[in-house]
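Participant: Now for the letters of each chain:
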Amino acid sequence: MSFRGVKPLRIVAMILAGGRVGELSVLTLRRPKSALPFAGYYRIIDFPLSNLMRAGIQNVGILSQYRPASLIDHVGVGEHWDFAGLGRGAKILPPFRGADASDWYRGNADAVYQNLNYVRDHDADLVLVLSGDHIYSMDYREMIERHLERGADLTIAVKRMDRDERFGYAVLDQDGRVLDYEEKPSHPKSDLASLTIYLFDARALTDALTVLRAEGGVEFGRHVIPAMVSARRVFGWEFDGYWAYTRTVESYYQAHQDLLSGRIDVDRWGVRSNLVDAGIAGQPPLRIGSGAKIENSFISSACVVEGAVEESVISPGVIIERGAIVRGSVILGRGRIAAGARVERAIVDKAVVIGEGAAVGGAAAEGGLTLIGKEARVEAGARIPAGAVVQPEEIAQSARGDTA
Amino acid sequence: MSGPITHREELRAGERLARDLRHSLALILAGGVGSRLNVLVRQRAKPAVPFGGIYRLIDFTLSNLINSGLERVGILTQYLPYSLTDHIGDGRHWGLVGRTREVRILPPHQGASGSDWYLGTADAIYRNLGYIHRHDPEFVLLLSGDHVYHMDYAPMIDAHVRAGADVTIAVRRVPMEQASDFGTVHVDRDSYIVGFEEKPAVPTSNLISMGIYVFSARVLVERLMRWTSTGAAPDFGHHIFPRMLSGGDRMFAYEWSGYWEDVGTLRAYFDSHMDLVRAEGALDLSAWRIRTNLDESRVGDRPPAWIARGAEEDRVLVSRGCRLEGTVTESILSPGVVIERGAHVHRSILMHDVRIGAGAKLEHAILDKQVEVGHDARIGFSDDGGRINERFPTHLDGGLTVIGKGARVPERARIGTNVCVFPGSVLRTLGRPTVASGETVGEDSA
Numbered sequence: 083m084s085f086r087g088v089k090p091l092r093i094v095a096m097i098l099a100g101g102r103v104g105e106l107s108v109l110t111l112r113r114p115k116s117a118l119p120f121a122g123y124y125r126i127i128d129f130p131l132s133n134l135m136r137a138g139i140q141n142v143g144i145l146s147q148y149r150p151a152s153l154i155d156h157v158g159v160g161e162h163w164d165f166a167g168l169g170r171g172a173k174i175l176p177p178f179r180g181a182d183a184s185d186w187y188r189g190n191a192d193a194v195y196q197n198l199n200y201v202r203d204h205d206a207d208l209v210l211v212l213s214g215d216h217i218y219s220m221d222y223r224e225m226i227e228r229h230l231e232r233g234a235d236l237t238i239a240v241k242r243m244d245r246d247e248r249f250g251y252a253v254l255d256q257d258g259r260v261l262d263y264e265e266k267p268s269h270p271k272s273d274l275a276s277l278t279i280y281l282f283d284a285r286a287l288t289d290a291l292t293v294l295r296a297e298g299g300v301e302f303g304r305h306v307i308p309a310m311v312s313a314r315r316v317f318g319w320e321f322d323g324y325w326a327y328t329r330t331v332e333s334y335y336q337a338h339q340d341l342l343s344g345r346i347d348v349d350r351w352g353v354r355s356n357l358v359d360a361g362i363a364g365q366p367p368l369r370i371g372s373g374a375k376i377e378n379s380f381i382s383s384a385c386v387v388e389g390a391v392e393e394s395v396i397s398p399g400v401i402i403e404r405g406a407i408v409r410g411s412v413i414l415g416r417g418r419i420a421a422g423a424r425v426e427r428a429i430v431d432k433a434v435v436i437g438e439g440a441a442v443g444g445a446a447a448e449g450g451l452t453l454i455g456k457e458a459r460v461e462a463g464a465r466i467p468a469g470a471v472v473q474p475e476e477i478a479q480s481a482r483g484d485t486a
Numbered sequence: 030m031s032g033p034i035t036h037r038e039e040l041r042a043g044e045r046l047a048r049d050l051r052h053s054l055a056l057i058l059a060g061g062v063g064s065r066l067n068v069l070v071r072q073r074a075k076p077a078v079p080f081g082g083i084y085r086l087i088d089f090t091l092s093n094l095i096n097s098g099l100e101r102v103g104i105l106t107q108y109l110p111y112s113l114t115d116h117i118g119d120g121r122h123w124g125l126v127g128r129t130r131e132v133r134i135l136p137p138h139q140g141a142s143g144s145d146w147y148l149g150t151a152d153a154i155y156r157n158l159g160y161i162h163r164h165d166p167e168f169v170l171l172l173s174g175d176h177v178y179h180m181d182y183a184p185m186i187d188a189h190v191r192a193g194a195d196v197t198i199a200v201r202r203v204p205m206e207q208a209s210d211f212g213t214v215h216v217d218r219d220s221y222i223v224g225f226e227e228k229p230a231v232p233t234s235n236l237i238s239m240g241i242y243v244f245s246a247r248v249l250v251e252r253l254m255r256w257t258s259t260g261a262a263p264d265f266g267h268h269i270f271p272r273m274l275s276g277g278d279r280m281f282a283y284e285w286s287g288y289w290e291d292v293g294t295l296r297a298y299f300d301s302h303m304d305l306v307r308a309e310g311a312l313d314l315s316a317w318r319i320r321t322n323l324d325e326s327r328v329g330d331r332p333p334a335w336i337a338r339g340a341e342e343d344r345v346l347v348s349r350g351c352r353l354e355g356t357v358t359e360s361i362l363s364p365g366v367v368i369e370r371g372a373h374v375h376r377s378i379l380m381h382d383v384r385i386g387a388g389a390k391l392e393h394a395i396l397d398k399q400v401e402v403g404h405d406a407r408i409g410f411s412d413d414g415g416r417i418n419e420r421f422p423t424h425l426d427g428g429l430t431v432i433g434k435g436a437r438v439p440e441r442a443r444i445g446t447n448v449c450v451f452p453g454s455v456l457r458t459l460g461r462p463t464v465a466s467g468e469t470v471g472e473d474s475a
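Line by line, the protein sequences give chains A and B.
All residue numbers for the first sequence refer to the working numbering, where the first residue is 83 and numbers rise by one.
All residue numbers for the second sequence refer to the working numbering, where the first residue is 30 and numbers rise by one.
No lab work stands behind these hints: they were computed from the structure.
Please note that a few of the clues may not be correct.
[As the list claims (entries may be wrong)] Cβ-Cβ distance ranges computed for the label pairs, FRET-style:
(1) ARG318(B) x ASP289(A): 53 to 59 Å
(2) GLU131(B) x ARG329(A): 44 to 50 Å
(3) PRO176(A) x ARG307(B): 48 to 54 Å
(4) ALA421(A) x ASP304(B): 22 to 28 Å
[To be verified] To be clear about the criterion: a stretch of chain A counts as covered by chain B if any three or more of its residues have a C-beta under 8 Å from a C-beta of chain B, and this derived list gives those stretches:
(5) 294 to 308
(6) 345 to 356
(7) 379 to 387
[What the hints assert, rightly or not] Sample of chain B residues lacking proximity to chain A, with all beta carbon distances greater than 10 Å (derived):
(8) ARG45
(9) GLU131
(10) GLU167
(11) PRO232
(12) GLU342
(13) ARG370
(14) ARG416
Note that beta-carbon positions come from the ideal geometry of N, C-alpha and C, so glycine has one too.
In isolation and in its complexed conformation, chain A is listed as follows (with noise of 0.2 Å):
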């Protein structure tokens, strides 16, 4: 008689962490979504990044075709969420030409079966794929536990949300079983939306690809599912806790007003970053001098404020001088707010100088985000209407509103 041994269970991540030019505006003209700052010391990655590191899942391949510099700066080997070590590895996978010709990722589903080699290597037996761009805190455990209790080929991370044409909805029945998934419809039969967070069988996951990749089908929402909903054991698993998507500008704006308001709590989520990155690690703290005003808000190290800050959330190194107000905005770093200048309800980007008296952004009622790009300037005593964009690095004087 033989004995046969059981083989740990092996998973693997892969983080989609794509994304187009400009999706959001100027903010994504030099990152992918995923790479964007947020809560002044982490980036959108950090949020997948820690679930999956207090999830015990010890390897992740990070999916990336758009502007990767600053994401494999940010993950490194991955050190910052324990995956550096013997046995354990966060990378980036970028798109490259193989023998029988590829090129760049056609979809997130093609990304995938691009990197299947990834997925043998390790010798996974699940495959876990998760977006780079969301901002939830999920036990991901409690999701294999339910995949693997149920037989399933493929378990879809779902949670209740307003019908509208964002999202994929599936409808369930009372096993949780996938009846129906549908991409973005006009008319969703559920509200049960994909968070896109998907667990796989690994062979199941390999045998629809690769049936997928003859028939041309390149994206899991509108290809894959739909195909093995009918042929494979699909199951929902339902979610209940924040999930955010920053898809848009307003999106990434309104996480941070529930990040005022208590509904992401980066503290008690344990999220991690990368604090090499960005030189965060040799930061002094946080000085405030006399004269200042804060009122609910999060302030980063090495920032120096004489001015008032209201409802807003600074990155680290941002100076804010005297009589400057900060009102509803995102400062992402290294920046300056010189005295008596005025930002209300603008998002700007790192390394961004607001001059004198200038005035930035208003009220909601005037419009709506104001954006700053990338080391740009305002000079003195500009004035840069609500709903504005100014590009990377110009020098505005004043602009019109609306011109992105």
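Given the coordinates of chain A, assemble chain B onto it according to the supplied hints.
Facilitator: Showing chain B alone in chain A's frame:
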């Protein structure tokens, strides 16, 4: 007088200095007890005492080293080394990891000749001669691990080489009345040392040694073998320097006048912190590029500071993870400090994870890590006359109150000035809701 040096000469001189730095080994004396820091050093060595919100004292020396281009460092410990060992880790936070870079903790050890505790600074180096031999440096830089300053050591090593010195001592001028706390030197016109006295009762010079020495390695090893190996000369200031001087060694004084504070007393420790929050304070952590270990105390995991609506802050240093709802003025807050609504904190140093309950008022106080102050408590009141501390009259005579790590101050308690509360004390169980000025309370576990 030579003419202006050419670009080519400049490059060659730079190359020589870079080589000298590569051939230098730094040794940090981190064994100091620093007993005048009272409860702050009950559970940690002086170099591990927290400073400036997120730092420990040794961060200044370590950051100076890496900023000066020195990459091989040994740290000699003996007193309560745990927090220091944790803090240093493998040295990565100071960039001291790599093929040619390292930092090593060198604890006391038993050698073939049966050693035990270090008898003095020179003895500590003598007992680690093996470490020096292993690196075979040309120069050995000896430093203290507990001073707050920002110094580039490269020009000092350059000066040592140019002076053809056997040892170079960094010196500075202090008011004459302070000179007796230090080693004092007399120098000739060319800055060579012609007299050295360790802590003279009646100083005749106000030029003092900063405890920073560059030795030519060969000379250091030879002198220690000759004098210290016999047990006769365990200390640099008391024994080695006077003997070197009378023996004809070339001793050079490198005068330096930047910010430097030997935070050896509670008052100096407090005053240095106040230098941090003054608008034009002389202590600029940002420009100094001081690095620290953020993995400790979970500093790296904490979010930006949150300041609530209704909170008021004026001249405050605020670290990550602080949550402020009350009023804080002229104070330094380490990571994770929580100030509840209606609390007032004035001229105080609050270390990691201190919690100040709603409506509590404190001033002129140092609260070590994890101290909890209940709501409506008062700390630092002096309306009882503010007597100096009976048990530690030289430590607590200027109106400061210090509360040791993890102590708990119950709600509505009253604690005066010059009070010392030992670590871990829970005042409620002592049944003393009021601690008068000058008292010392709690168990002295040390």
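Participant: Against the structure, test the hints numbered earlier, and report the numbers of the ones violated in rising order.
Facilitator: 5 and 12
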